[in-house]
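Protein chains: 2
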Amino acid sequence: MIFAIVGLGIMGGSIAKAIRSSADANDKIYALDKNNESLYAALTSGIIDKAFTPSETDKMLSEADMLFVCLYPAATLEFLKQHKNDYKDGAIITDISGVKHELSVSMEEIRPANAHLILGHPMAGGEKEGFAASKGEYFLNHNYILIKPKEGYEDEAAVKKLRTIIKKMGFTRITEVDADTHDNKIGFTSQLCHVVASAMVESAGDPEITSFGGGSFEDLTRIAMINAPLWTELFLANREKLVAHIENFEAQLNNLKNLIETQDANGLQSLLADVRSKRIQMQKN
Amino acid sequence: MIFAIVGLGIMGGSIAKAIRSSADANDKIYALDKNNESLYAALTSGIIDKAFTPSETDKMLSEADMLFVCLYPAATLEFLKQHKNDYKDGAIITDISGVKHELSVSMEEIRPANAHLILGHPMAGGEKEGFAASKGEYFLNHNYILIKPKEGYEDEAAVKKLRTIIKKMGFTRITEVDADTHDNKIGFTSQLCHVVASAMVESAGDPEITSFGGGSFEDLTRIAMINAPLWTELFLANREKLVAHIENFEAQLNNLKNLIETQDANGLQSLLADVRSKRIQMQKN
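Chains W and F supply the protein sequences, listed in that same order. Residue numbering for the first sequence is 1 to 285, as defined by the UniProt record's numbering. Residue numbering for the second sequence is 1 to 285, as defined by the UniProt record's numbering.
Please note: incorrect hints may appear among the correct ones.
[Stated by the list, open to error] In silico BS3-like links for lysine-lysine, alpha-carbon gap of 30 angstroms or less:
#1 LYS161(W) / LYS81(W)
#2 LYS150(F) / LYS284(W)
#3 LYS88(F) / LYS34(F)
#4 LYS278(W) / LYS257(F)
#5 LYS257(W) / LYS241(F)
[Unchecked claim] Okay, the calculated bits of chain F under chain W, using three or more residues with CB under 8 angstroms as the criterion:
#6 32–40
#7 50–63
#8 123–131
#9 156–167
#10 179–192
#11 268–280
No wet-lab data here; the hints were simulated from the structure. The C-beta atom is built at its ideal place from N, Cα and C for all residues, glycine as well.
Model the full structure from these sequences, guided by the hints.
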């Protein structure tokens, strides 16, 4: 089996590494990137078997049995549009884009004639960018979301094959939802968290503030070492759902502020007890 | 040297364990708690050498060379008021209270006649409560804050002794500030984070939301497994400073929301780039 990765950054690189460490000896991993350094590093370390430059895209696509498109969201859409007729017969094509609306409403323009496109989202990553920061271990015990179209999957056997590879990469829970549900849930668990962490860092004022930290601020804002171009794209692509989540959060924050301001000890304590039991319940899920 | 701990919960227990693992063989550790189970567990595991019930408080205090009062803030104030004349001559008395205003304005009522009171705040802890959850390892590479009165310390030699023990417990950075600065900084790094994490959990709605998590939501809200009575007391004791921090955060959040709502890609990207560089700078401090 030939795996191929388009975009060998932190995510594409981590996928290559996770596949390498779990693949059969006969399997091959190909990768395409505009950055020759990343390709060279991946090739010489044995993570990939063959490197392709952008001008060799068609050649790589014609051989790949399973293709991971690991580009930013707008570039992913563009790539899928442009290459819908370039895949090997029966290949499985998937992506890692953090917002699915645009891809899902563009399905007519990106659906391959002779291959299977299944949209997906590995829920893992690190604070840094690039192949050098990639690690297969990011995926261990993490979640993977597959986008199941409202009308059902076009080919169940292809989904089954992809699920097998995802499990082999170390992911433990695969959730299947439609694009709208994905964007709504991710708008909360991922995007709102990045917005909140960013607002927290901006409101810090003092760069020496961490000498007063006990771990809470550090944990909460680690994700604020944010990839600005990527997250700008993600936030804007999901802006309606994200803004609704921000406003819901603002209402809860305001409620807490009022309880503190009015010194409502009973109300505050019972709210915090509710927070605690909800969060402990989430820990178990 | 005889160390004594009042309140053998997660913090008192962790202090006992950290001292035990770094103390001289001749040093003794005493502890007082109303919970006999905690005392028994600490005694039988060799963490403490002698256990005292509340009715034996005076006996313990008369022998202790260094006393850690590890109670909730209001109980700490009460304890220090009540026992200001009960310490051994020259003893060092310290606390772990997360807000210092009330203690610092009550100094006349709590300052011992024959011993040295130095207010302090170990910046570490875990999500759980009680002696069973205590660990000396919580303190490794963490921050400790000592409250330096505006008029200076009453006894520098006592501060030096306390600093030596703090370092032995594993803390790597000791910051000395006045009570007002402490409460303001902690209102941000610790309390605002707990408020934000709590608002985030309350706005989640869906207890199954973690199946869509990639780590951000989990890291951000871990501290929301909050001890409701303790944090109610802390939030209310520092309410003016905390509310100001919440409002400052709300303004930053609102700014981000506006950039997203108006699709200001340039403004958003440049703000996120600023967030990233500020957060990376904080990592270094």
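How the hints compare with the structure:
Only pairs whose Cα atoms come within 30 angstroms are accepted, and LYS161(W) paired with LYS81(W) is accepted, the gap being roughly 24 angstroms. Simply put, LYS150(F) and LYS284(W) have alpha-carbon atoms about 48 angstroms apart, too far for the 30 angstroms limit, and the pair is violated. Distance hint between LYS88(F) and LYS34(F) is fulfilled; the C-alpha atoms sit about 22 angstroms from each other, no more than 30 angstroms. Note on LYS278(W) and LYS257(F): the hinted pairing holds, with a Cα-Cα distance of about 26 angstroms set against a maximum of 30 angstroms.
For a cut-off of 30 angstroms, the pair hint linking LYS257(W) to LYS241(F) stands: about 12 angstroms separates their Cα positions. Figure legend: the region 32–40 of chain F, annotated as covered by chain W; annotation inconsistent (0 residues with Cβ-Cβ distances under 8 angstroms, at least 3 required). For the region 50–63 of chain F, the proposed coverage by chain W is not satisfied: 0 residues have a C-beta within less than 8 angstroms of a C-beta in that chain, short of the threshold of three. Closer than 8 angstroms: that is the beta-carbon criterion, and the region 123–131 of chain F has 3 residues meeting it against chain W, so the requirement of 3 holds.
With 0 residues bearing a CB less than 8 angstroms from a CB of chain W, the region 156–167 of chain F misses the requirement of three and the coverage assertion fails. Counting residues of the region 179–192 of chain F whose beta carbon lies closer than 8 angstroms to any beta carbon of chain W gives 7, which meets the minimum of three for the stated coverage. Look at the region 268–280 of chain F against chain W: 12 of its residues bring a Cβ nearer than 8 angstroms to a Cβ of that chain, three or more, so the hint holds.
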